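Make a model of the complete structure from these sequences and hints.
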Amino acid sequence: MGDLIVSYFAEIRSYNRTSARVINPFFHHGFIPNRKFKHEWVEGLVIEEVINKFGFRENMSDKNIGVLSDYNTVLLGDSFIEGLGIDNENILASLLKPSLHPVANLGVSSFSPSLSKQRLNYFKNQGFKPKKIIHFVD
1 MGDLIVSYFA EIRSYNRTSA RVINPFFHHG FIPNRKFKHE WVEGLVIEEV INKFGFRENM
61 SDKNIGVLSD YNTVLLGDSF IEGLGIDNEN ILASLLKPSL HPVANLGVSS FSPSLSKQRL
121 NYFKNQGFKP KKIIHFVD
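The sequence shown begins at 1 in our numbering and counts up by one.
Think of the hints as simulated: they come from the structure by calculation, not from any bench.
The structure displayed is predicted, hence computed values, not measured ones.
Check each hint, because a few of them may be wrong.
[As the list claims (entries may be wrong)] Listed next, the in silico DSS-like pairs over lysine-lysine satisfying Cα-Cα at most 30 angstroms (straight line):
(1) Lys-124 x Lys-36
(2) Lys-132 x Lys-36
(3) Lys-97 x Lys-131
(4) Lys-117 x Lys-36
(5) Lys-97 x Lys-36
(6) Lys-38 x Lys-63
(7) Lys-124 x Lys-53
(8) Lys-131 x Lys-53
(9) Lys-132 x Lys-63
(10) Lys-36 x Lys-63
(11) Lys-124 x Lys-63
(12) Lys-63 x Lys-97
[Unchecked claim] Computed spacing ranges between beta-carbons, pair by pair:
(13) Ser-69 x Ser-99: 13 to 21 angstroms
(14) Glu-43 x Ser-69: 38 to 46 angstroms
(15) Lys-63 x Lys-38: 33 to 41 angstroms
(16) Asn-34 x Asn-72: 20 to 28 angstroms
(17) Val-67 x Leu-100: 13 to 21 angstroms
Just so you know, even glycine gets a beta-carbon here, dropped at the ideal spot from N, CA and C.
Encoded structure:
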């Protein structure tokens, strides 16, 4: 299964993309790992969206994470948790108190609670073992 994922993402990376978003065969949609994209949300406001090696929106607390099991806390939710239109320094995962660090930001725009659960379970099967889970449902 791992080879399938690697070849799937390798093929996607070859396209000229303007978004970090991609269809995912396990949890509907997510992000392309190891990517940076710039978006102009309103005229003159350009935001850089950084996706880390696991496919999570990078935040100020997780820049030196080596493996999934290093995370202490996970945030689940939709665009509010993802930080849509907000730079990495100001998304919720970056603003949580240090005792919760490092924080995995699993928020993805348009995610429902069932998709958040599928995404969390997928990464748990990959070795993700957060001590705290915070799920924002709107």
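Taking the hints in turn, this is what the structure says about them:
1. Distance check on the hinted pair: Lys-124 and Lys-36 sit about 25 angstroms apart at the alpha-carbon level, within 30 angstroms; holds.
2. About 27 angstroms separates the Cα atoms of Lys-132 and Lys-36, which keeps this hinted pair within 30 angstroms; it holds.
3. Annotation: proposed proximity of Lys-97 to Lys-131 holds, straight-line Cα distance about 15 angstroms (limit 30 angstroms).
4. For the hint linking Lys-117 to Lys-36, the alpha-carbon distance of about 26 angstroms falls within 30 angstroms, and the restraint holds.
5. Taking the CA atoms of Lys-97 and Lys-36, the gap is about 26 angstroms. The hint holds against a cut of 30 angstroms.
6. A distance of roughly 19 angstroms separates the Cα atoms of Lys-38 and Lys-63; the hinted pair therefore holds under the 30 angstroms criterion.
7. A hinted pair counts as satisfied when its Cα atoms are at most 30 angstroms apart, and Lys-124 with Lys-53 qualifies at roughly 16 angstroms.
8. Distance check on the hinted pair: Lys-131 and Lys-53 sit about 21 angstroms apart at the alpha-carbon level, within 30 angstroms; holds.
9. Annotation: proposed proximity of Lys-132 to Lys-63 holds, straight-line Cα distance about 19 angstroms (limit 30 angstroms).
10. The suggested pairing of Lys-36 with Lys-63 holds, with an alpha-carbon distance near 14 angstroms, which does not exceed 30 angstroms.
11. Taking the CA atoms of Lys-124 and Lys-63, the gap is about 20 angstroms. The hint holds against a cut of 30 angstroms.
12. Note on Lys-63 and Lys-97: the hinted pairing holds, with a Cα-Cα distance of about 16 angstroms set against a maximum of 30 angstroms.
13. Against the hinted window of 13 to 21 angstroms, the Cβ-Cβ separation of Ser-69 and Ser-99 comes to about 18 angstroms, which satisfies the hint.
14. For Glu-43 and Ser-69, the hinted distance range of 38 to 46 angstroms is satisfied, since their beta carbons lie about 43 angstroms from each other.
15. For the hinted restraint 33 to 41 angstroms between Lys-63 and Lys-38, the CB-CB distance of approximately 19 angstroms leaves it violated.
16. Distance hint check for Asn-34 and Asn-72: the Cβ-Cβ separation is about 22 angstroms, which falls inside the suggested range of 20 to 28 angstroms.
17. Range check, Val-67 to Leu-100: about 18 angstroms between beta-carbon atoms, so the 13 to 21 angstroms window is met.
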